[in-house]
Amino acid sequence: MSKPKFAMYWAASCGGCEIAVLNTHETILDVDANFDVVFWPVAMDAKYQDVEAMEDKSILLTLWNGGIRTEENEHLAHLLRRKSQILVAFGSCATEGCIPGLANLSSVDDIFATAYHTVSTVNPDNIHPQPVFRVPEGELTIPAMKPVLKTLAQVVDVDYYMPGCPPESHQIAAVINLVIQVLQGKAELPPKGAVIGAGNSTVCDECKRKRDVKHITAFHRIQEVAPLDPELCILEQGVPCNGPATRSGCNARCPSVGAQCIGCYGPAEGVLDYGARLITSFASVIDATEPAEIERILDGIPDPTGQFYRFNLADSLLRASTKAWKK
Amino acid sequence: MSEKFEPTIIGFTCNWCSYRAADLAGTARVKYPPNVRLVRLMCSGRMDPTFVMKALAGGADGVMITGCHPGECHYIDQNYKALRRFLLLRRTLAGLGIEAGRVKLVWASAAEGVHLAEEITKLVEEIRALGPLNWPKWDEQAEHQPEPALEVAA
Ligand code: SF4
Ligand code: SF4
Ligand code: SF4
Ligand code: FES
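Quick note, the sequences are listed as chains A and V, same order.
Mapping of the first sequence onto the working numbering: position 294 corresponds to residue 294, and the numbering continues sequentially without gaps.
Mapping of the second sequence onto the working numbering: position 151 corresponds to residue 1151, and the numbering continues sequentially without gaps.
These aren't lab readings, by the way, just hints derived from the structure by calculation.
In silico lysine-lysine, BS3-like type, Cα no more than 25 Å apart, as pairs: (1) LYS1004(V) with LYS1031(V); (2) LYS146(A) with LYS1137(V); (3) LYS323(A) with LYS1054(V); (4) LYS327(A) with LYS1137(V); (5) LYS326(A) with LYS1004(V); (6) LYS1122(V) with LYS1031(V); (7) LYS5(A) with LYS57(A); (8) LYS326(A) with LYS1054(V); (9) LYS47(A) with LYS146(A); (10) LYS1122(V) with LYS1054(V); (11) LYS327(A) with LYS1004(V); (12) LYS1137(V) with LYS323(A); (13) LYS3(A) with LYS186(A); (14) LYS57(A) with LYS186(A); (15) LYS326(A) with LYS1137(V); (16) LYS327(A) with LYS146(A); (17) LYS327(A) with LYS1054(V).
Start from the sequences and build out the full structure, keeping to the hints where you can.
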């Protein structure tokens, strides 16, 4: 009997999610034992034409990693949706835009200007990418950038969401094992649209640090608080910690080793706008009632938009700054 | 000349003070522009920043949040919480290109119908000066147009 087919693809992403899958150690052998890997650019050679030639719905499971930033990303999203029975938005980039989604704070022109024409790049010939380019031999094309980055679900129908930047390896292994169990008739798939490989509460809920409702009078950067109390809540020590709005599932990995949660598991269950929830959480620990005093304390968060939307901007209610879309 | 821009403003008002103030302004026939659509909350402390973002993303040009004067909240200190949320929200929205003047916090007691009417009139003028916000309706957006081909000399 032929094995069910597996695919994994990367769009606007860093590649870390692929590494996280490979980092599941022996579970990766289970993938190989139970699936026929038909398309996975990081691990094997395959052409888009090969995917186009496949029968619709012939791939059982596709893990999609990355946001939709270019026409190529968009084309592949539609293509793999058509070819797959189960499409999983895998990792923060696919589910909520993640770091690539922060580019929604700038216009495409500014992104290119910064990348190609500032000190960040040595570019003596002033090369600037063009989507279409005519040369004597014919026409060369590269995929054009879309005006804003979108999440996978903003472009195609998604079956499951797996948060995390990247998802924790033990969570990936658990999801792969579940699918194998389903194939063997020993388990059932979760309902469509479910968040898989994560918890249903908040990082704070999994965090062992003590909260004693201490109100804070200043925010600090973590390196300015030395030493950080190892037992107490980091937020209550005045260091912005995104745990209160962030989905559980990582066992509070960062606070347990003395770093603040920056929110890579995305919004907790029931949170409509991640940043809005954090604004509420932070506002409730500030110990001040006078506008000038509150403003002084807030000066300790130099980039609130980045603090509150580092991972979630592309999936937030507002999605992008006016710079990205206002003509 | 185009027609005068009539901003849409959503007002989140506290039941105990400003909602009554608006009522009072109405019964006393104090005139104020009809641009503000009031949403009654039990207290300004119920004002979730999510409401403001939803209003702006959904087409509002501005938002007004109103509550009882400091020290007069029926739930003790919830209006201070609203103040802190408001100040942090305004900074966050600035990072998304939304001008500070589009979101305003006003204290008004139940007896201050005239004061509230004046604040509304002022806000409408300020937002009219800023122009429409026109946040994109992302899900209805037209698909991307292909770029024209560029020529390069051989
Ligand atoms: S979610 Fe994180 S690890 Fe995964 S591709 Fe995006 S940036 Fe990389
Ligand atoms: S705010 Fe951070 S440190 Fe405090 S309990 Fe939550 S996750 Fe732990
Ligand atoms: S603590 Fe926060 S930032 Fe760290 S892994 Fe967990 S969700 Fe991600
Ligand atoms: S009851 Fe009016 S602001 Fe709290």
